[in-house]
Structure formats: C-alpha cells, structure tokens
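Based on the provided sequences and hints, a complete structural model is requested.
Going down the list, the protein sequences come from chains A and B. Counted the way our numbering counts, the first sequence spans residues 76 to 388. Counted the way our numbering counts, the second sequence spans residues 3 to 430.
There could be a bad hint or two in this list.
[Said to hold, decoys possible] So the derived list for chain A, only partly shown, Cβ under 10 Å to chain B, looks like this:
#1 T139
#2 T214
#3 M243
#4 D358
In short, the hints are calculated from the structure, not lab data. These numbers were taken from a predicted model, which means no experiment stands behind them. Beta carbons: idealized from backbone N, C-alpha and C, even for Gly.
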Amino acid sequence: MSVAAEITSAPAPAQVSPHAVRGGLKAGQRRIGMLLLLPAAIAFGLVILYPFLQALALSLFEYTLETPAPRFYGLGNFAKIAATPDVWQAFVTTAIYVFFTTTGTLILGLGWALILNQPFRGRGLLRSMSLLPWVLPSTVSAFVWGWIFNSRYGVLNAFLLELGVIDMPQAWLSTSTGAMIAVIITKIWLSIPLFMAFFLAGLQNMDREQVDAARVDGANNWAILRDHVLPHLRPVLIVVVVLGVIGNLQQFDTIYALTGGGPVRATAVLSVEVYRRAFEQWDVGFASAIGVLWVATLLPPAFLYLRMLVKGA
Amino acid sequence: MKKIKSIASVAMLAAGLGLSGQAANAADLSFMSFSYAEEAAKPSVEALLKGFEAQTKLTVEPLGYAWGDMQKNIFLRSRSKTLPSVAQLSERWLPSFANVAGLVDLNEVYGKDKLAAVFAPDALAMGQIGSKQYALPLISGSIGLIANKAVLEKAGVTKTPTTIEEFRNALVAVRDKVPNSVPYTMATKNNGSILLDFMIWTWTFGGEIIDEQGKVKIGNGEAGKQALGFMVGLMKDRLAAPEIDRPDARRLVAQGASAFFFDAPQARTHLRSFSGQGPAFDANVLPLATPVAIAGKEPASIQWGHLLVQFSADGKAKADTPASQFITYLTSDDAQSKFPLEQSALPVTKSARANPKVTGDAFLTAWAKAAGNPRRNEVGIWPNAAELTQIIGEEAQGALLGQKSVDDAIQAMHKRLETSMANVNKQN
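Written out as structure tokens, the structure is:
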C-alpha cells in the first residue's frame, strides 16, 4: 500500500470542540480529584500526621514534669531505651501477644466461618449473634472477661470447681501466664467476628462444583480444606493476617482494662509501656521514643498491606 | 410551614447552646475535684459550692475527674495552658506538680504568719515544698489500720491485736472461723496501694525505704526483707489474697468478708455506703493502732490528706481574686465544721479541730488515738514518686505472687530505686 493510500485509509481525526483548551479536561479532572481528596487530607494531616510528627520530634527532647519546656536531648531517649531492659521486655511481651492472638483468631475465625458456611437451621441467627463481641465496646468486653477470671466471684472458677478440676479458687490474673492467656483469650473473642466475616465472604465466592468434584474423586474434608478451600482463601488469609498483626500490635484498651499491664509487667505490651511512661511517670520524651520504635514495628506489616492493596488495584 | 418550624427549632437549639456556652464561660472560677466525681462525696462538694456562691455571689464551674485520672488531667491541662483556677490533690501528688507553671505560692497570697496561726501545723506541712506553701489542706488524717468488729467477734477474737504475733493469730482465727473470707485485705494488685502497705510494714520492722537526704535505705538492713517476708508469709498461709486493691478491700470489709485493711479515715464513709447500712455500720468500724514488732514501739501510720492548689497565668494571685476567695471559703470554720466530718476526716484548721462536733465524734477520736502520729510518706515527697511507686509495687508484687524470692525482690528494688534517685534533686 502506498503512503498516499495509507493516509487516505487512516481514520479521520476526532472533532475537537472550539472551546476546548489543550489538556483542559485532564487538568479539570485532576483539580476535582484534589478537591475531593482535600477533606480527607486535612483530617489526616490534623489527626494523624501532625501528632505523629510532633511525637517524632518529642522523641528527641527531654520532656518531663521537671522540665517546664522540652529540652533538646538528641538521641538520648533512644540510648535510654537501649539501657532499659523493661522496654525490651515490652517488645518480647508484644511479640508473644501478637503471635498467639493473631494465630488463635485465625484458626478459630476460619473454623467458625466454615461452620457458618454450612446450611443448617438457624444459621442466619447464629451469624448475627456471632457479631456480638464485635459490636460490644472493647472495654466492656474486657470487664466482662475480668469478672469471668475473677478469683473470688469468677464464673470460670465456679465452673471448674463444679467439675472438680480444681479444689480451690485460682487467681488466674495474678500469674504471669494466666494473665497473658486471659488477655489473649479476650482479644481472640473480640476479633473472631471480623476474621469470620472476611473468611465467610471468601467462602461464599468459592465454586461449589469444585468441592463437589473433589468429593466425587474421593477427597475427604481435610483434603478439601487443604487442597481447595485454603488455596482459594489465600488472598483473604494474607489480608486478614496482616490486618490482625497491625491491630494486635496497636492493642491497648482491653489489656489495660483487664490487667493494667500486670501482674508486675507480665502483660505490659508496647502500648501499655508508652501509656505508663507518658501518663504515670510523665516522661513524654521517653514515651515518644518508645512510640517511634513501636511505629517502626508496625511499618513492615503496614507496607505489606499497602503493597497488596496497590497490586490488587 | 414545616421548613419554617425546622429553622425555628434549629435557631432555638443554637441559641440554647450559645447560652449554655456563655454560662459556662461566665463562671468566675473553675474547681477541678476528684471528690466531686465520687458518688458518696459529690453532695457535700455541691453543698460547699452553693455555700460559696451564696456568700460571695461568685460562680464556680466544677470539673469532676476520677481520682486515678486527676494527675493525668492536670498534667495535660498544664501543657495546653487550660489549668483550672483551683484543684484538689492528694497530698502525695504535690511534689510532682511543684514545677507546673502557674502554681501559686500561697504564702504570698495570705501571708505565712497568718496561715501558721489558722492551720494545724501537721496539716499545713502537707502543702509545703521547701519554703513555699504550694497548697493548703482541705481535709487531713492518716493511713492506718481498720478492723471489722463484727468479723472479729465471729472469729472469736476478743482482744484487739497490738503486736505482729497477735495480729497473725487473729488472722488465722478469721481464716478458720469465717468461711470464704480474706482475713487481711492487703493490697496486692495496684502499685500505689501496695506501696502504702509495704511502707507501713517496713516502718513496723524498723526500716526505711528512702531517707530524708534521698538515700535509698531499703535493702541495706534486714527490715525490708523482714517486712516483705512477713507479707509473703501472709499470702502463703491464705491470710491475704491476690487481686486486692483498696476498693476491693473496702467492699470485702463492708460485706463482712474481711477483718482488717489499711485505709484513710474516709473509709468509714465508703464502708457505710458499701455495706448498705449507712451510719448503722459505724459500730463495726474499728480504728486500730498498727501492730508493732516489739511491744512499746510507736505504731506506724502514714500522713494523709487532700490539698487545694491555686493556679494563675503568672503564678501570682491576690487574696481577693475569686480563686483565693474560694480557698478561703473552703478552709473557713463554716466549711471546715461540715465537709471533713461528712468525709470522716479531720478538719485542717485549729479552730475547727476544737469544735465540739469534731471532738465529740467517737470515730475520729478513736482514729486520732490509734493513728494520730503519722509519718510523712517517704516516697511521695520526691518528684519521681510515680516511678518509685512503680518500682516498689512491682518488686513487692513479684514476691507476693511467688514470682521471685524476698531477697531477690528487695535487692532488685534497692538497685532500681538507686538508679531512679541518682539524678533527682530533692525539692523540699
């Protein structure tokens, strides 16, 4: 084909409005986009970014009740952290708490979702009731569990005494292990509905025929779960684990209401440590420095989550 | 029409909000108080406010915060420069706030000599940091031992214990004869409360925690180990129990499930309320001298009281400013002859203490006899009191709950207290 023929066979250029400005539509869209973003950006800046930067700056200052104004301290607070075993212990306590809480919630949330995905009478009611722990304010739940574990009036002791498992009431919240188990159980109980909802949504998207075909091929329940359900739920699983880790790293209210970080320091996770340093010992600079390190522990899972979101988009 | 009605409603609501906001702003002074947030004490505080407003025609904006939240709120308000005109403090908090900008030296407002002439010396001393009078007392007393007479009778304890040996025997009798009881509701849960029990027993065994010069004494001799060993022994023999804080102790004693606990005289008001019997329960409330290790020694008790501090923008005030007038009213004979008695505590002025209503109060008289020579809280006087309290509470709790030996706990306590005290300059 000749060049002339190519030119004549090419589609005619689109008609442009005589009022159009070069790049005008795109620029306009950008402006509207920016305008729509503005309220959220302002809220983010005021509520999250400014306090975060403030805390970041304060971590470089000595700021206690004895210092009427903050005094520049450089990396002094971080050096103090390095020399304070209690803070390192708080990191270990946090790791234990996050691991067991996330794992426990994952297993029980998935199990509960698998049960609620089966057809049976009253399923709708049970699904609704399963959301109750999520609806209750977390501090209320913490106090409820506090009474369950109470050494004198607790239901748990009454139940175990009745069964003959123990011969005298136990002070569950007064041992390091007991208190840690109590805060973990409470958080798992609170988080199951959310995890369950994620998993249930994932399960409802699963192709039933795939499961039926596997059953025809002789697969048992475990094989179906391992080879079909879990691979199907993999994207949900990753999101749930990442969100669970982030949420559990930030946990404060249930722990503080249930044990106050004790006994001694058995349940003093990073959030409790920051609170104690800032509002019990009034060492705001030191608390900010711990907070900065705490944020650093949150960054990897947060980055992972954002990466997944972007990739998904 | 409907639209007009809606607009009118919104306008009225806005006007109402505006008016209420104006009313709040129009108050002549603000008073931050933890008693105002307590159910049992609130009516008495409200009566004080009404009395002041009737007498001076000045209005007070009350700001009620729970006792446990007071320090945090004052601290945050000092940072945001929204401090109240007057605030109520526990006596042990004062050193922590001595550096807060705007705290008024009340010697300069009322005159040192005049204050010395009006107030009882022990009460006035609670508000002093060095040569400054940063607070005036509102009510006073001590932390001492309280027994439930009915529980002791049930256990067959006819003689009140005066020595540690007798005290232990009484506890054993209660444990064996009163089912499901905690004979001594020793504080084992909250650091702040554990400190007080530990301090009293340390003094009882002849020890100190920190001396007047700021030197850590606990762990240097045997007294600290003996005191903590005694407390651990009570736990082992089920004469005390875990998970007990002061409020738990008050409830258990009020319910006849405990015989002994340490508290301020104000406990009578709580026991009246928690027992559901009101003043009829008073017959069971027995103030006792803390048992001694060696007969003839001085029974231990800790100085206790509520203070009033005044704030102003430049830390200065005159006697005729509304906040100063309010403090004057709260410490007047009129207020002091009612409020402290309603709180089961001692008044703070000399004239009010001589009032027949006070001298005729059997409970307060018995209290003064049992715990009338209290010592100053040797931890609370330091600016790093919060950290010291946490250290002592954690180490003592560790031993009480069997997580570490008494020796290890006392050694760790000594070491941590020394580190904390290393950079502290004593303020008083």
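Inset, instruction - Provide an ascending list of the numbers of those earlier hints which the structure does not satisfy. - result: The structure conflicts with hint 2 only, although it agrees with all the remaining ones.
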